[in-house]
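Protein chains in written order, with this note's numbering: chain C, 1 to 382; chain B, 1001 to 1382.
Rather than coming from a laboratory, the hints here were simulated on the basis of the structure.
Bear in mind the structure is a predicted one, so any value in this text is a computation, not a measurement.
Treat the hints loosely; a few may be bogus.
[Claimed, not checked] Partner residues aside, some chain C positions facing chain B, computed with beta carbon under 8 Å: (1) Pro50; (2) Pro52; (3) Gly56; (4) Ala115; (5) Arg281; (6) Tyr366; (7) Asn372.
[What the hints assert, rightly or not] Straight line, CA to CA, 30 Å or less: simulated DSSO-like cross-link-like pairs of lysine-lysine: (8) B:Lys1339 / C:Lys339; (9) B:Lys1339 / B:Lys1278; (10) B:Lys1339 / B:Lys1060; (11) C:Lys227 / C:Lys353; (12) B:Lys1032 / B:Lys1278; (13) B:Lys1032 / C:Lys378.
[As the list claims (entries may be wrong)] Pair ranges (Cβ atoms, derived): (14) B:Ser1306 / C:Asp15: 27 to 37 Å; (15) B:Pro1310 / C:Ala231: 46 to 56 Å; (16) B:Asp1343 / C:Ser213: 11 to 21 Å; (17) C:Pro230 / B:Arg1281: 33 to 43 Å; (18) C:Glu319 / B:Thr1002: 53 to 63 Å; (19) B:Met1320 / C:Ala126: 27 to 37 Å; (20) B:Glu1053 / C:Asp39: 55 to 65 Å; (21) B:Arg1013 / C:Ala126: 13 to 23 Å; (22) B:Met1320 / C:Ile382: 13 to 23 Å; (23) B:Leu1226 / C:Lys60: 49 to 59 Å; (24) B:Gly1248 / C:Gly317: 50 to 60 Å; (25) B:Gly1171 / C:Ser349: 19 to 29 Å; (26) B:Thr1002 / C:Leu61: 53 to 63 Å; (27) C:Leu9 / B:Asp1316: 50 to 60 Å.
Beta carbons: idealized from backbone N, C-alpha and C, even for Gly.
Residue-level listing of the chains:
Protein chains: 2
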Amino acid sequence: MTERIREFLRNRREDGPCLVVDLDVVRDNYAKFARALPDTRVFYAVKANPAPEVLGLLAKLGSCFDTASVVEMELALAAGATPDRISFGNTIKKERDVVRALELGVRLFAVDCEAEVDKIVRAAEATGSDDVRVFCRILCDGAGAEWPLSRKFGCAPEMAVEVLEHAWRQGLDAYGVSFHVGSQQRDTEAWDQALASAAAIFHDCAERGIRLSMVNLGGGFPTKYLKSVPAVEAYGQSIFQALSRHFGNRIPETIIEPGRGMVGNAGVIEAEVVLVSKKSRDADEIRWVYLDIGKFGGLAETMDESIRYPIRTAHDGGEMAPCVLAGPTCDSADVLYEKTPYDLPVSLSIGDKVFIEGAGAYTTTYAAVAFNGFPPLKSYVI
Amino acid sequence: MTERIREFLRNRREDGPCLVVDLDVVRDNYAKFARALPDTRVFYAVKANPAPEVLGLLAKLGSCFDTASVVEMELALAAGATPDRISFGNTIKKERDVVRALELGVRLFAVDCEAEVDKIVRAAEATGSDDVRVFCRILCDGAGAEWPLSRKFGCAPEMAVEVLEHAWRQGLDAYGVSFHVGSQQRDTEAWDQALASAAAIFHDCAERGIRLSMVNLGGGFPTKYLKSVPAVEAYGQSIFQALSRHFGNRIPETIIEPGRGMVGNAGVIEAEVVLVSKKSRDADEIRWVYLDIGKFGGLAETMDESIRYPIRTAHDGGEMAPCVLAGPTCDSADVLYEKTPYDLPVSLSIGDKVFIEGAGAYTTTYAAVAFNGFPPLKSYVI
Chain C
1 MTERIREFLR
11 NRREDGPCLV
21 VDLDVVRDNY
31 AKFARALPDT
41 RVFYAVKANP
51 APEVLGLLAK
61 LGSCFDTASV
71 VEMELALAAG
81 ATPDRISFGN
91 TIKKERDVVR
101 ALELGVRLFA
111 VDCEAEVDKI
121 VRAAEATGSD
131 DVRVFCRILC
141 DGAGAEWPLS
151 RKFGCAPEMA
161 VEVLEHAWRQ
171 GLDAYGVSFH
181 VGSQQRDTEA
191 WDQALASAAA
201 IFHDCAERGI
211 RLSMVNLGGG
221 FPTKYLKSVP
231 AVEAYGQSIF
241 QALSRHFGNR
251 IPETIIEPGR
261 GMVGNAGVIE
271 AEVVLVSKKS
281 RDADEIRWVY
291 LDIGKFGGLA
301 ETMDESIRYP
311 IRTAHDGGEM
321 APCVLAGPTC
331 DSADVLYEKT
341 PYDLPVSLSI
351 GDKVFIEGAG
361 AYTTTYAAVA
371 FNGFPPLKSY
381 VI
Chain B
1001 MTERIREFLR
1011 NRREDGPCLV
1021 VDLDVVRDNY
1031 AKFARALPDT
1041 RVFYAVKANP
1051 APEVLGLLAK
1061 LGSCFDTASV
1071 VEMELALAAG
1081 ATPDRISFGN
1091 TIKKERDVVR
1101 ALELGVRLFA
1111 VDCEAEVDKI
1121 VRAAEATGSD
1131 DVRVFCRILC
1141 DGAGAEWPLS
1151 RKFGCAPEMA
1161 VEVLEHAWRQ
1171 GLDAYGVSFH
1181 VGSQQRDTEA
1191 WDQALASAAA
1201 IFHDCAERGI
1211 RLSMVNLGGG
1221 FPTKYLKSVP
1231 AVEAYGQSIF
1241 QALSRHFGNR
1251 IPETIIEPGR
1261 GMVGNAGVIE
1271 AEVVLVSKKS
1281 RDADEIRWVY
1291 LDIGKFGGLA
1301 ETMDESIRYP
1311 IRTAHDGGEM
1321 APCVLAGPTC
1331 DSADVLYEKT
1341 PYDLPVSLSI
1351 GDKVFIEGAG
1361 AYTTTYAAVA
1371 FNGFPPLKSY
1381 VI
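Next comes chain C alone, as it looks inside the complex (with noise of 0.2 Å):
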């Protein structure tokens, strides 16, 4: 929470819960990404916040932008990025969306079987492009991250060799090789195995007469929730360990991703408690809080208690008990901890508000659109 978000809430009249992101946090985020990885370019994944005002400010920061849909990419554009800044990171696209992005100028793709290297192969010659990047995504285990890593995205490193050659030999450039280690990733040397295949793919390929250019290290950053996690120097120091173990003094062009470490702690939701009960008249019965926000209004990341947001109330310094926390609609899957259930202030009463933290990322967009007749979460960018 910082002072001008405080500020702003402190002022706010309008009902219903919203988010409210701080610029100066994202710019100093930008910032000591570019310092700990200094020759790595940073490309900010839009889908964790696309407001315009924070693409604005990257793109002004020198940002580049890795999209997932048309729609992305057009934002990225208005808010003034060129096309050579803006990738189509997506390994599930639409082939008049392909042809769409090449008309943008976008020449940079993520592929992870041939079947989406020949989309490409045809949407470049409807559209006469040339030069048109390809990049292949490969599995990775996403051991130590906090928001589950399944195999949707990605093929065995030794497909991605023919993958590229597939590519190689249509005439696209096979420009390189990324992973993902994982979104929340709290363990700075998860990087170092995926660096290993990526190497591993470089010398394949170059044997085949293919020379790749690029690693993408993918996103993964952290952002504070309720535990710390390492500073960004950190990651930085143990991925340009890894580069260099892998690579030698032959260390690619790299490129990352953050969306969660670069928004994810400029962001505050301020929510509202419509009730505590509790279920029966037992001394033991744990307590209920609803807030009027839950896992369909803007907080889906506490899908099987994944993320954890750091909550303060009013309250915080008297005394705490745990309760069940859950959003206020009438769907019962929407309660957000019980597993675990949370610590709140005992004294926590109707009416009163609630700060949770950390929530720039993944939020609003997630959002429904109307489900059980609430509107999707307001946003708000100071």
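Add chain B to chain C, keeping to what the hints say.
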């Protein structure tokens, strides 16, 4: 899939997934509920699908409406319902929303604790509202339901007696008891135990001089997904028998709140295969099929793979093989079926249309507002 939906989709030209709801099916479902439970009033659970055309049809047919928020009340009123046909069924309400509901003329409220009763008492005083009815929701274990029912709503039956007495002592009409046996409830006997509890509460209240009038039997009525489900008639018989068993010849007024059972089978989502791929060259490697709709685009109820939708394709009848089915976003959690893979035709290819049946409930409004830049699910009611 009805002929009307098939015809509509044949002529559709827009890009992107969409839901099409056939009002004839909704009309038919309403008639079945009315026949199966002739002495029970239907309160349609607006949250299942608040499309104005659906609400308008049901209002015309004589349905009442169970609403979760003031916005849903306004939708029901706009569709032609009078306020005496609307309940505020959410046990988690802001006091200012209770005030608003009373101002709109709504007089029937769900509660599950004394703090919620107190809000209604104060709001009734503030608005000068008479004849305000409350029913107390009790906990129910939800065994047999496919969508998980948490302890989020309701209180222990012993406590319900005190909550109702508390309401009565403060001048509210202690109107009855409600419960919910769990959504997509496939056991027609699931109402029995809850009705035994309800009858005990009627008895205990009567001993305190409070005459309850109504049992709200909740929702839970299933729609057909992959597995077949009992007919509404079977539920009606089982519920009537349980009512007779526990209330003898003094059967109370009853209401039901079908949502999924009213609109689920009326809707079909048309989606597109964006990618079919494998993660390695291993012959045993499972196929991944990626659609242009996923967990954040309307299929939120695939959470924990709870709801398994029937999916039709133009290749049905040919050889089938299991696949992992996933959505189009860059979120690793956007996977529909993986723990239990889904059988789809081997010849299913990129660009093919798929038809997701039983998608009329809990899809459109669950969709994220703009996650990854993807727009919310389009909806057509025909």
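> What hint numbers does the structure not satisfy?
Replying inline: 2, 3, 10, 12, 13, 16 and 22
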